[in-house]
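Using the sequences and the hints, build the whole thing.
What follows is the residue order along each chain.
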Amino acid sequence: MSTTYLIKNAGVLGGDPQDLLLRDGIIADAGIVGPTPGTVVIDAGGLIALPGLVDLHTHLREPGREDAETVDTGTRAAALGGFTAVHAMANTDPVADTAGVVEQVWRLGREAGHCDVFPVGAVTVGLAGERLAELGAMADSAARVRVFSDDGKCVSDANLMRRALEYVKAFDGVIAQHAQEPRLTEGAQMNEGELSGILGLTGWPAVAEEAIIARDILLAAHTKSRLHVCHVSTAGSVDLIRTAKAKGHPVTAEVTPHHLILTEDLVRSYDPIYKVNPPLRTAADVRALREALADGTIDAVATDHAPHPQEDKDCEWAAAAMGMLGLETALSVVQQTMVDSGLMTWADVADRMSARPAAIGQVDDRHGRPIAIGEPANLVLVDPKAKRTVDRTGLASLSQNTPYQGMELPGAVVATFLRGTATVLDGKLA
Amino acid sequence: MRRHLLSTADLSHDDAVLILDTAEEIARLAARPIKKLPTLRGRTVVNLFFEDSTRTRTSFEVAAKRLSADVINFSAKGSSVSKGESLKDTALTLEAMGADAVVVRHSASGAAYRLANAGWSSSHVVNAGDGTHEHPTQALLDAFTMRRHLGGFDGRRITVVGDVLHSRVARSNVHLLATLGARVTLVAPPTLLPVGVESWPCDVSYDLDAAVPGSDAIMMLRVQRERMNGGFFPTQREYSRRYGLDGQRMAKLPDKAIVMHPGPMVRGMEISAEVADSDRSVIVEQVANGVSVRMAVLYLLLSGSESAIGHDEGQGHGSQQNQQNQNTEPKGAAA
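Heads up: the protein sequence lines correspond to chains A and X, in order. Following the working numbering, the numbering of the first sequence begins with 1 at its first residue and continues without gaps. Following the working numbering, the numbering of the second sequence begins with 1001 at its first residue and continues without gaps.
No lab work stands behind these hints: they were computed from the structure. Don't take every hint at face value.
[What the hints assert, rightly or not] Far from chain A by the CB rule (all over 10 Å, computed), these chain X residues:
#, residue
1, Leu1029
2, Ser1122
3, Met1228
[Said to hold, decoys possible] Taking beta-carbon pairs under 7 Å as the criterion, some of the chain X residues facing chain A (in silico):
#, residue
4, Lys1088
5, Ser1109
6, Gly1110
7, Tyr1113
8, Arg1114
9, Gly1131
10, His1133
11, Ser1199
Quick reminder that beta carbons are idealized off the backbone N, C-alpha and C, glycines included.
As structure tokens, then:
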């Protein structure tokens, strides 16, 4: 018999305080609820209740790079960040391109129990971009894969992308594209612009992202299949997606927390902690991304949590790995850039970090639900008044490659509940 | 006090002139029968070269030895050291050996900056060329050579021709010559100019013939073999015709104009043998001046605790800026 929790005076989606009774995995009662014997009461005065966050883009590194992260440590980080579901990217070793690998990741997630793990399947065998992986087998597996992505690599072959989009219609899947034209980004190290020229680092031009997005939008419209654009990073990409949506094309998009707050100026330090793909862009891009997230052009915040061991970052820029941690800081970054700035409400945060990503990932029967009686008790309690200084040594992730080291960020996850069971209480793993 | 020479962009006008004046004094001493100075006796200078460069390494070695420093040549190229943590581990090793200055050449842009600022080493760092970023002592020896021939920099027109995109020499020269008051024109096919070059403190042209008659000095950059097949221009012959300096073009230079090249040259490609060996060519002189300039740099960095070159650490491409950036919103964005 699981614990029954009575959450008192939580501001649901930032609204007026109410009580929530979590029993048998669901929200059993709401409004003004009196305590009953055996119930654990949590005083949530001043806290905000959101539906458990859903990440569409997480690198858990297992199998293959258990020195950087495991399903267990990565989902601990997720729970501490307020997530109740993560989509585990396919670029593991071996690649998640068969039913066997996705089921392994799915099972590891169940055993860890910190949050639901939904494996993403590779679009092409070995992420090689040559032939389709067994997408149907992964869809039919116990892992029930619906999101397919070669993330880290772009499905650059137009015909292969077309076939992938067509093929996943059979099981209502979605192709999540890492939009990066490979020839335009050979050896690319940072955003292409004035700064890359001065620093002598090979540029990663915005057009390399936008050219693929433009092509894929046309393919999605042509095939009438669902396209999801991973980690949108440029103002031009935002314009393309906005136009596509206005025309009713089946396109969704995500933005990472780091692209909402950090700019390419950080690369002046040549510190590879800021090396990420797509690269940090300009302040104008950051503004456009924030506006697009606020107006719904960009559907979701997705972390692109990318753990790397220290030796892959403590080196010269060109030799370093691309990627940064994100799970444990995502909500704070969104609060600072979107809520505290007045661009979004907490209800919008619930939409962009829970409801919409759950819908894109086809897990919205269980996640991203309204906070209402009878719904699954996947919840996060946030203290919006808290401040914390990021300390990379205090993170649950196995890796320490956070770009926010030493930064003060607003907000703290106080508690996370997965189907009524606390995964985090008092800001610590339960 | 600046402890390192990483970029000419970090040098003020006074810093640059001090280095050139010091080099001039040192050059005078070099004319004496006994060339060696006791200045850096007991100090250790490490030449840390991750890329082949006989010329630059030898130049630094001679410079350090003439100042009586102990010199260690550490060539990482060809050893088990390849990439990644090697730079850090090498830095820790040299630190443990008590290196006072590390002269570093590396294929990665920013490698010298990392060595100076990552907390791996407390040595003075001299950038001897980092990727496609900078090569400050090359620019200083170029400026030294120009000053000797042109008398000064005010209003002098310097034309730099060739693969600017991949050239650390061009970057260092543009910053330094602009600081010194010269007017620089970069000439290259559009494919070999970096994005954003229009914001650099120089003019840009695609037309070499238009730039030649107004040049007090013309500097030809090497076109590396891998660029020739990289699709940056159609053929070597077309490049030579449009952007090479041959006898005919040289004849259109003003009377006292000089021809420079940082070496190594590809004769017949960016420069004809006739031009390279002509009276106007100061290419061999550049090499000789390199020793004096590098002696001046090592001397100013290592002798005494005076603020010798430049300003406080963290200026320029410095970390202070980044700290600031971390803690604030992106510039201009709503809070």
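message = Flag every earlier hint the structure violates by its number, smallest first.
response = none
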